[in-house]
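Protein chains in written order, with the working numbering: chain A, 546 to 658; chain B, 2 to 114.
Keep in mind that the hints were calculated from the coordinates and are not lab data.
It should be emphasised that the depicted structure is a prediction, and the values quoted were computed from it without experimental measurement.
It cannot be assumed that every hint is accurate.
Cut-off 25 Å, straight-line C-alpha distance, at most; resulting in silico cross-link-like pairs (DSS-like, lysine-lysine) [to be verified]:
#, chain 1, residue 1, chain 2, residue 2
1, B, K79, B, K58
2, B, K58, A, K650
3, B, K43, A, K597
4, A, K597, A, K622
5, B, K43, A, K613
6, A, K594, B, K43
7, A, K650, B, K43
8, B, K58, B, K43
9, B, K43, B, K79
10, B, K43, A, K622
11, A, K594, A, K613
12, A, K650, B, K84
13, A, K650, A, K605
Not everything, but these chain A residues come out facing chain B in the computed CB check (under 8 Å) [as the list claims (entries may be wrong)]:
#, residue
14, L564
15, L591
16, A631
17, F634
18, L639
19, T645
20, F648
21, K650
A few chain B residues that don't get close to chain A, going by computed Cβ distances all over 12 Å [as the list claims (entries may be wrong)]:
#, residue
22, E4
23, S10
24, T14
25, R23
26, D63
27, P71
28, D72
29, G73
30, T77
31, E86
32, M90
Even glycine gets a Cβ: it sits at the ideal position worked out from N, Cα and C.
Residue strings, one per chain:
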Amino acid sequence: GNSVTQMEGPVTLSEEAFLTINCTYTATGYPSLFWYVQYPGEGLQLLLKATKADDKGSNKGFEATYRKETTSFHLEKGSVQVSDSAVYFCALSLLSGYSTLTFGKGTMLLVSP
Amino acid sequence: EPEVTQTPSHQVTQMGQEVILRCVPISNHLYFYWYRQILGQKVEFLVSFYNNEISEKSEIFDDQFSVERPDGSNFTLKIRSTKLEDSAMYFCASGGGVETLPYFGAGTRLSVL
Numbered sequence: 546g547n548s549v550t551q552m553e554g555p556v557t558l559s560e561e562a563f564l565t566i567n568c569t570y571t572a573t574g575y576p577s578l579f580w581y582v583q584y585p586g587e588g589l590q591l592l593l594k595a596t597k598a599d600d601k602g603s604n605k606g607f608e609a610t611y612r613k614e615t616t617s618f619h620l621e622k623g624s625v626q627v628s629d630s631a632v633y634f635c636a637l638s639l640l641s642g643y644s645t646l647t648f649g650k651g652t653m654l655l656v657s658p
Numbered sequence: 002e003p004e005v006t007q008t009p010s011h012q013v014t015q016m017g018q019e020v021i022l023r024c025v026p027i028s029n030h031l032y033f034y035w036y037r038q039i040l041g042q043k044v045e046f047l048v049s050f051y052n053n054e055i056s057e058k059s060e061i062f063d064d065q066f067s068v069e070r071p072d073g074s075n076f077t078l079k080i081r082s083t084k085l086e087d088s089a090m091y092f093c094a095s096g097g098g099v100e101t102l103p104y105f106g107a108g109t110r111l112s113v114l
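Next up, chain A with everything else stripped away, as it sits in the complex (with noise of 0.2 Å):
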């Protein structure tokens, strides 16, 4: 079947380091990824994509590339900052179109001054 994996959290970064949340996947076919961000009271929100191998997603400063020959789609930004402060899920799609997605379990990020 189709499985997401990520790191387990939280995340615990002061202010300026550099993030790299894990993320891997096992597919039954060439699947989308994704990474979405749920900050506190608000729903899940599409972070950025990558809809084929070696495609770079990125956005708000974070970036993830999609690695087919590791199955594996890493989140990454340089320098964190206290409002980055949430919890990031991986995702995939196989369809054609988005209608379903798996996820993963989340990660807690938790920025300090």
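Fit chain B to the supplied structure of chain A, relying on the hints for placement.
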């Protein structure tokens, strides 16, 4: 910015009771979804709904669950006889089409006692 609204934010109920979780999707969207996340576990797809009928459902979505679009604005998830293991965060989402990513609400936390 348009958003998906879910009410209540937290619902507490006794085991065996019926609950209805409510969602107001984005007004021009046609595709509607429910996902849930049991604490510490993955976000799981429950059901998708289009054109007044279920288009896809997971094995979690058994006869205990039902969805409805009772009027032009609401989308509801009913759990007929709640069990302790139904305690979870339930996310509603809506999308403009199969080829577009869904927008998620902030979730309703259901606590079954």
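Exercise. Taken at face value, is the distance from the CA of K605(A) to the CA of K650(A) at most 25 Å?
Worked result: Within the cut-off at roughly 22 Å; holds.
Exercise. Taken at face value, is the distance from the CA of K58(B) to the CA of K79(B) at most 25 Å?
Worked result: Cα-Cα ~14 Å, so holds.
Exercise. D72(B): least C-beta distance to chain A exceeds 12 Å?
Worked result: holds (22 Å)
Problem set entry | 12 Å cut-off, C-beta based - T14(B) kept clear of every residue in chain A | holds (22 Å)
Exercise. Taken at face value, is the distance from the CA of K650(A) to the CA of K58(B) at most 25 Å?
Worked result: holds (20 Å)
Exercise. Once the shortest beta carbon distance from L639(A) to chain B is found, is it less than 8 Å?
Worked result: violated (12 Å)
Problem set entry | Minimum Cβ distance from G73(B) to chain A greater than 12 Å, as the annotation requires | holds (21 Å)
Exercise. Is it true that the CA of K43(B) sits at most 25 Å from the CA of K597(A)?
Worked result: Distance ~24 Å between K43(B) and K597(A) Cα, so the pair holds.
Exercise. Does the interface hint hold: is F634(A) within less than 8 Å of chain B, judged Cβ to Cβ?
Worked result: holds (6 Å)
Exercise. Under the criterion that the straight-line Cα-Cα distance not exceed 25 Å, is the pair K43(B), K613(A) satisfied?
Worked result: holds (22 Å)
Exercise. Does the no-contact call for D63(B) survive, Cβ to all of chain A over 12 Å?
Worked result: At roughly 18 Å from the nearest Cβ of chain A, D63(B) sits farther out than 12 Å, so the non-interface label holds.
Problem set entry | Interface hint for K650(A), Cβ within 8 Å of any Cβ on chain B | It holds, given that the least Cβ distance between K650(A) and chain B is near 5 Å, below 8 Å.
Checked against the numbered hints given earlier, the structure breaks hints 14, 16, 18, 22, 23, 32 and satisfies all the rest.
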